[in-house]
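Participant: Chain by chain, the residues run as shown.
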Amino acid sequence: MQGHDDLEPTVHIRELKKDKVNFVLKNVDLAFANSLRRVMMADIPTVAIDMVEIEINTTVLPDEFIAHRLGMVPLASSNCDEAIRNTRDCTCLAGCDSCSIMLVLNVACHDHHTMDVTSHHLDVVPPGTPGTWGDGEEQEHDAGEELSKRGERFGHPVGKDEPGTPPVLLCKIRKGQELKLRCVAKKGIAKEHAKWSPCSAVSFEYDPYNKLRHTTHWFESDERGEWPLSENAKEEEPPRDDEPFDFNAQPSQFYFEVETDGSLGPQEVVMKGLAELQTKLANLILGLKTQPELDILTGGEQQPNGNNADGWGAGGGGGGGWGAASGNGGGWGGSASPTRGGAATSAWGATSPHSSGGATSTWGGGANAGWGSPEQQSNGWNV
Amino acid sequence: MNAPNRYELYVLDDGEKPVEIIEDTKIPNAATIKIVKQDHTLGNMLRAQLLSMPQILFAGYKVPHPLHPHFIIKIQTDGTMTPQAVLEQACTKLIGTMSSLENKFKREFSFKDVEGTVGAGGATAATDDPYGGSGMGGTGGAWPGGRDYLDF
Chain A
1 MQGHDDLEPT
11 VHIRELKKDK
21 VNFVLKNVDL
31 AFANSLRRVM
41 MADIPTVAID
51 MVEIEINTTV
61 LPDEFIAHRL
71 GMVPLASSNC
81 DEAIRNTRDC
91 TCLAGCDSCS
101 IMLVLNVACH
111 DHHTMDVTSH
121 HLDVVPPGTP
131 GTWGDGEEQE
141 HDAGEELSKR
151 GERFGHPVGK
161 DEPGTPPVLL
171 CKIRKGQELK
181 LRCVAKKGIA
191 KEHAKWSPCS
201 AVSFEYDPYN
211 KLRHTTHWFE
221 SDERGEWPLS
231 ENAKEEEPPR
241 DDEPFDFNAQ
251 PSQFYFEVET
261 DGSLGPQEVV
271 MKGLAELQTK
281 LANLILGLKT
291 QPELDILTGG
301 EQQPNGNNAD
311 GWGAGGGGGG
321 GWGAASGNGG
331 GWGGSASPTR
341 GGAATSAWGA
351 TSPHSSGGAT
361 STWGGGANAG
371 WGSPEQQSNG
381 WNV
Chain B
1 MNAPNRYELY
11 VLDDGEKPVE
21 IIEDTKIPNA
31 ATIKIVKQDH
41 TLGNMLRAQL
51 LSMPQILFAG
61 YKVPHPLHPH
71 FIIKIQTDGT
81 MTPQAVLEQA
91 CTKLIGTMSS
101 LENKFKREFS
111 FKDVEGTVGA
121 GGATAATDDP
131 YGGSGMGGTG
141 GAWPGGRDYL
151 DF
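Residue numbers (UniProt numbering), protein chains in the order written: chain A, 1 to 383; chain B, 1 to 152.
Next up, chain A with everything else stripped away, as it sits in the complex (with noise of 0.2 Å):
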């Protein structure tokens, strides 16, 4: 970790195609790398079929069967940020057009012949449709902007009207078999049920060599033999035969490959990465903030300094985190006198690391009564 701080991170994209894109990662730490991968996979937003109507099924699949097939078939969802609402937070009852997408299937075989249903069957019943989301009238409410943002394509099933790709099979029908159905796509993220996600595969690497020793190459008689190395070894100096075991070095070099199902492009999946663990740090220093700010509003408007039992008991209100102890507040307040209170206040003053380690041993048992101030410690902080 040390020793990237440095050094600015950079990026080069070795690879970059339709549906994913492979790049070197340079510069940062494992748990930087780790976190990037982690929320590529499972924190971006796509629609996917979350519930399904069937209404005719003489197929030789159980309906939970086809509503599960249904559910994984990637649907396009670019711009899923702008263009579609989490239904857990739209004005809506059950469904719209500003959270929900409906798509209907509706396949009958007449042929002597086995058919295939698959997502090319899937037809998006356009928003606005009247009669899509039951009777007409309580749809009158906060309609928003989200429909004008949508592309054209948003929520057809990917690879539907282009020619030359597969499209997904459902099921196979023979004569006189039928499947029809409604479903509503949703949107969601994969940390709910993977089939939000927007990754099929994204391949992680660090250290080809293994000089890290992070993992153990188990081997019969030649280690080198057994263990090709793979293509991302070639961006990198191999080991001598007589360097010795640097046990301080840490990783630095990370290779990524992002596949999509199509959903979003891969562009979009890295961007969006990053956005959100942006967001996610954001959020923390927010909460972090308004957590002191609570503090002052409440005790600190008493005792600036706190280092009277009287603001203690009003600060352990105040401080969110003392919950817990803000209960007991009064009682710590009539055990601790108040010359206590003052020495360690005294104590927290010296904010130097040993005069306070120091304290620590000479408070022993009785530290409860003068550790028992926390909220003093914690006004003294923020004040």
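Quick caveat, the hints were computed from the structure, so don't treat them as lab data. For glycine and all other residues, C-beta sits at the position ideal for the given N, C-alpha and C. Watch out, some of these pointers could steer you wrong.
[Claimed, not checked] Below are the BS3-like pairs computed for lysine-lysine, each with C-alpha atoms no more than 27 Å apart in a straight line: (1) B:K93 <-> A:K26; (2) A:K191 <-> B:K74; (3) B:K93 <-> B:K74; (4) A:K289 <-> B:K26; (5) A:K149 <-> B:K106.
[To be verified] Simulated coverage check for chain A against chain B, where a stretch passes if three residues somewhere in it have a Cβ under 8 Å from a Cβ of chain B: (6) 12 to 23; (7) 188 to 195.
Based on the hints, put chain B in the right spot on chain A.
Facilitator: Here is chain B on its own, set in the frame of chain A:
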């Protein structure tokens, strides 16, 4: 029928606080911070970033139970900064790293777009439109050595 909603794994409940700070009563300059509705993605990254900062004596995180959607991160500083302030600084630094990386990605992608349209057509402006005009299986966007990945 009483299963909780699946989205409760990653969406804060009404009025739920995203962060809960518990200052350590026995160790100086230390705090345990509970971060709700987040997981290893954030926890490990923060831990690593904190460890690279000079003010930190200790930083560690754990997800106490895989079914409980929160993690806790323990921080001890050398006293020049509070654990909260250090954590905030770590977040800011990470955001900085990410936005610089974002710009670099943007530039790299724009180069590749140009190459794609001029070149053999494997890599195209597929980004705006996942159904971009190029056909499947194009051999464009070759590896640096001019080889295709199928060559070996």
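Participant: Work down the list of hints and note, for each, if the structure agrees.
Facilitator: Do the hints match the structure? See the list:
1. B:K93 <-> A:K26: 17 Å, holds
2. A:K191 <-> B:K74: Holds, at roughly 25 Å.
3. B:K93 <-> B:K74: Given pair B:K93, B:K74 holds - Cα atoms ~19 Å apart, limit 27 Å.
4. A:K289 <-> B:K26: 25 Å, holds
5. A:K149 <-> B:K106: Distance of about 22 Å is within 27 Å: holds.
6. 12 to 23: Holds: 9 residues of the stretch 12 to 23 of chain A have a Cβ under 8 Å from chain B.
7. 188 to 195: Coverage by chain B holds for the stretch 188 to 195 of chain A (5 residues, Cβ < 8 Å).
When each numbered hint is compared with the structure, no violation occurs for any of them.
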